[in-house]
Each structure stands twice: as C-alpha cells, then as structure tokens.
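Student: I would like the entire structure built from these sequences, with the hints used as guidance.
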Amino acid sequence: MFLFIFLLNMFTIYLPLLLIGYFMPNFIKKTLRFGITIPEKVSTSEEVLKIQKNYKRNYALSAVTISIILNVIAIKTQSVNLLNFGIFILLGIMTINYLHSHNKAKLLKKEKGWTQNKKQIVIVDTSHRYKQKYLSHHWFWIPITIVIFTIIFTMVQYSNLPNQIPTQFDFYGNITNYTNKSFFSVFGLPITQIGMTTMFYIIYRIIQRAKPSIQVSRPKASLKQNQISKRYWAIYMLVISIIINLQFVYIQLNVLQVIDSRSKISFLIHGLSILIPMIGAILVAIKTGQSGSRIKVDNEDEVNNNVIDRDDDIFWKWGVFYYNPDDCSLFIEKRFGIGWTINFGRPAGMAIMIVILIIILVSLILPLI
Amino acid sequence: MFLQIEFESDIPIYQQIKNQIIRGIALGELKLGEDLPSVRQLASDIGINFHTVNKVYNQLKQEGWVVIHRKSGVMINPDLNVYNNKQYIESLDELLKFTTAEAYLRGVTKEKFIELIEENYNKYF
Numbered sequence: 021m022f023l024f025i026f027l028l029n030m031f032t033i034y035l036p037l038l039l040i041g042y043f044m045p046n047f048i049k050k051t052l053r054f055g056i057t058i059p060e061k062v063s064t065s066e067e068v069l070k071i072q073k074n075y076k077r078n079y080a081l082s083a084v085t086i087s088i089i090l091n092v093i094a095i096k097t098q099s100v101n102l103l104n105f106g107i108f109i110l111l112g113i114m115t116i117n118y119l120h121s122h123n124k125a126k127l128l129k130k131e132k133g134w135t136q137n138k139k140q141i142v143i144v145d146t147s148h149r150y151k152q153k154y155l156s157h158h159w160f161w162i163p164i165t166i167v168i169f170t171i172i173f174t175m176v177q178y179s180n181l182p183n184q185i186p187t188q189f190d191f192y193g194n195i196t197n198y199t200n201k202s203f204f205s206v207f208g209l210p211i212t213q214i215g216m217t218t219m220f221y222i223i224y225r226i227i228q229r230a231k232p233s234i235q236v237s238r239p240k241a242s243l244k245q246n247q248i249s250k251r252y253w254a255i256y257m258l259v260i261s262i263i264i265n266l267q268f269v270y271i272q273l274n275v276l277q278v279i280d281s282r283s284k285i286s287f288l289i290h291g292l293s294i295l296i297p298m299i300g301a302i303l304v305a306i307k308t309g310q311s312g313s314r315i316k317v318d319n320e321d322e323v324n325n326n327v328i329d330r331d332d333d334i335f336w337k338w339g340v341f342y343y344n345p346d347d348c349s350l351f352i353e354k355r356f357g358i359g360w361t362i363n364f365g366r367p368a369g370m371a372i373m374i375v376i377l378i379i380i381l382v383s384l385i386l387p388l389i
Numbered sequence: 135m136f137l138q139i140e141f142e143s144d145i146p147i148y149q150q151i152k153n154q155i156i157r158g159i160a161l162g163e164l165k166l167g168e169d170l171p172s173v174r175q176l177a178s179d180i181g182i183n184f185h186t187v188n189k190v191y192n193q194l195k196q197e198g199w200v201v202i203h204r205k206s207g208v209m210i211n212p213d214l215n216v217y218n219n220k221q222y223i224e225s226l227d228e229l230l231k232f233t234t235a236e237a238y239l240r241g242v243t244k245e246k247f248i249e250l251i252e253e254n255y256n257k258y259f
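Quick note, the sequences are listed as chains A and B, same order. Just so you know, we're using this note's numbering here: the first sequence kicks off at 21 and counts up by one. Just so you know, we're using this note's numbering here: the second sequence kicks off at 135 and counts up by one.
Certain hints may be false.
[What the hints assert, rightly or not] Covered stretches of chain B (in silico footprint by chain A; criterion: 3 or more residues with CB under 8 Å from a CB of chain A, positions within the stretch not fixed):
#, segment
1, 137-148
2, 166-178
3, 182-194
By construction, these hints were calculated from the structure, which means they are not laboratory data. These numbers come from a predicted model, not from an experiment. Ideal Cβ positions, reconstructed from N, Cα and C, are used throughout, including at glycine.
Tutor: Okay, structure coming up:
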C-alpha cells in the first residue's frame, strides 16, 4: 500500500510541482517578470535574464534536494504522513524561491527607473465581447444531462436498495465501508455532482468575463491571443466537468450495486479521471501560456516604445495578492502562474476568500472530530 | 475600437473616455448603432470604479452621442444628429482661446496651426 501511495504522490504531485515551478517563467508573458511589470524593450536584457537564470538554478537545487531527502526518509520509515506533509514543505520552498526573485526584480526595476518618463497606458477594446462568442454555454447541457440521469436513476433504484449500502471503495474497487441506507448516503454523490457542475459553470463564466490583458506594445495580437486562450480554458472546463461527472455516475452505479465495483475497468476509470484533467491542464498551459502569450498569431502591430503598460505593481502584494478598491472587477488574471485570482479590495472578493478558507478549515477539521 | 487610458494624465479619466468615444465616432472607428460595453464591463476592463463610466455614459447620452436602453444596453446613437449651436460655438471659442494662446507663445505659426487642424479634419467623414 505504501508503494502505491508513494508512486501516486511521486507522479501526480512531486514531479509535476518540480517541473511546473522550474518552467513557470517560460509560461509568463515577457512584460511580467516574477510579478513585476517591465517594459517590453528590456524584457530580454541581460539583467532580467540573469534573475531568471538564478531563479531556475536556485529552484532546481533547493527543490530537488528537499524532495529527494523527504522521499528517502519517507521510504525508510514507510511514512505516508511524511509524504503528504512534504508537499507543504515543497510548496514553501517554491514560495521562498519566487519571493527572492520577486524582490530582485523589484529592486532592479527601481534602480533602472524603467517606468520613468514613459506614458503608462491601459488599453481597452470596446467591441470584442460582442464579436467573439468563445464557447456557447449550451455545451453545459451535456454535464447537466449526466447529473439529471444520475438523480433519476438513483430515484428509480432507491426502493430496491438493501438497508446497508457500500459507500467506500479502494482503488481496486473493493468495498471498504458500508453505511445505513438514508437520503444522504444514497443521494450524497448526485448532490456533490450538482455542486461540482455548478462550480465548473461559474469558473467558465469567470473566464468569459475576466478582463483581457491587452498589451500596449501589441494590442491587436495580444487581444487575439487572449481570446484564443480563453476559449481553450473554457473547453477544458467543459471537458473536465463531463469527465468528473461520468466518474461519479460510475461510482454511483457501484453504490447502487448495479455494476460490480471489482471489475478491472474500475482501476482504468479512476486512473483516467485523475490523469486526463491533470495532463489536460498541463497541455493547455503549454499551448496557451499566461493570457495566451505562447499562442502564435499573425497580426503584428507596430511596436511603440514610447508607451508602456500601466505599472500597477503597488496593487499587487508580493505580486500575488491583488488589492485595489478602486477597481470594480472581481476577478483578474494572475501575475505569476496561469489562471485568475480575486480582487481583495472588493467586499465580494474578501467574502469569497473567507468562504473558501472556511470550507478548507471545515474539511480539515471534520475528519478529526 | 481601442480606448487608451492614461492614469497619470492631467486629463481626468472620464474625460479621456468621453473624448476618445467622440473621436472614434468622427473617425468612423465606432459605427452608428454600434454596441458599447455595459457600464460594469467597461469599468472592469479599465480597472476603475463603475461610477466613472456611468458619468461618461450619462454625459454622452445627454449630449446625444449615445442612446441607453434598459434592455439592450448602450449604443452609439443610430440617428446621430448633434448640431452646432451658439452655445457650442461659444465653448469652442473658449477652448481655442487657451490653445491658440499657448501655441502662439510657444512659437507655433498660424500656418502650422491651421495645417494641424486640416490634417485632423481630413480624417473625419
């Protein structure tokens, strides 16, 4: 059992984290280095590249060393807890490496005065939302149909169920726990499906509405990249919500004892529903990069070196947390990483954060009670 | 059309938006009847408070540049008919007083000034 968890952790957490941290600078657009905005012109200068090179060297050395030590000790002591706890240590190492480079970049920018005597501009497109429909929300009828099917099928089967139903399975489909038949034990999975599908739909809407980051030096090209990358992520969200719903249907059919959970296909289904979302996310990230910066587009604008993107570093604490009460947008693109984050300067943003924290705390504490 | 907003400028942000929308109409970059983003969308895209955009849209509406429908949102007035009246000519004259005075003192000749005006006028249709 230890070997299984060890391999699972190794290939789904440790290795991906190590690689993501190492290659992250390659996914970020050139004008954002470690959470600091810099002008396009200096983005390939020696000083900037040096910070990036040092980051990669320090990161590789520290993160790989720590991972090896942790895993060796864990193997020697056969400790699953250490494997799990080690993930937090690795995340800590990643954070320290990032913050170090963030401060270096901040200092360099200040020394060189890159933003002085330059017009700082924010570019907004008044028309894109209307021209480009990037993925129709009707596609979400597919996961919704799956959810409805699960609910109806469960309702039909409810009266035929025995008083004890299996509710826990191991990876090979062996039943590890039974629960008394009740509304919540039978409908728990379909209810979770509703919650998850709603969540994926909300994320899809957030992606659609989040402000596009248009670069002043190449507005048309960057807008196009933004749109294409948003489309990729919207499709990703749709596909993942379908896959996870299908997995839940399968588990529910096991719970209802309609199909035998020990069949070989169990392992395949659970394996795929972990691997496809993970590999999919990595592939889409490699394809798009941050706000589509890796997507190749043709229409090149005339480069204008007299204007630069607005320097909004002061609103970004450590380049990670966005706090700007004057900005009415709730969701904004991340600076270091791919995805979107919350504007903590909005009351609603703060509320969302508190709710998420409560959910995490409850799910951590509940199993202990 | 792209709006270019400069946060550090002396010109207030609402004035920048308003100026650029009017110029967009004159240049033909904004077509008559073309939809504009909603107040919230535009404010969010620029990264400002939505009251600022509200103010711009209300002024543009009062002056007849845009129409606001409760359902279909904001669009450039499809039957745009803004005329010059005595009042407008007065305010134009007021504006030119300062602009010409500064240009004169900075040594811009009358010919150069008129040339600049012609260049701009030629872009409109």
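Student: A separate judgement is required for each hint: does it hold in the structure or not?
Tutor: Evaluation of the provided hints:
Under the rule that three or more residues need a Cβ within less than 8 Å of chain A, the assignment of the segment 137-148 of chain B holds, with 6 such residues. Three residues within the 8 Å Cβ limit are the bar, and the segment 166-178 of chain B against chain A gives 9, so the coverage statement holds. Given as covered by chain A, the segment 182-194 of chain B passes the check, having 3 residues with a CB less than 8 Å from a CB of that chain where 3 are the minimum.
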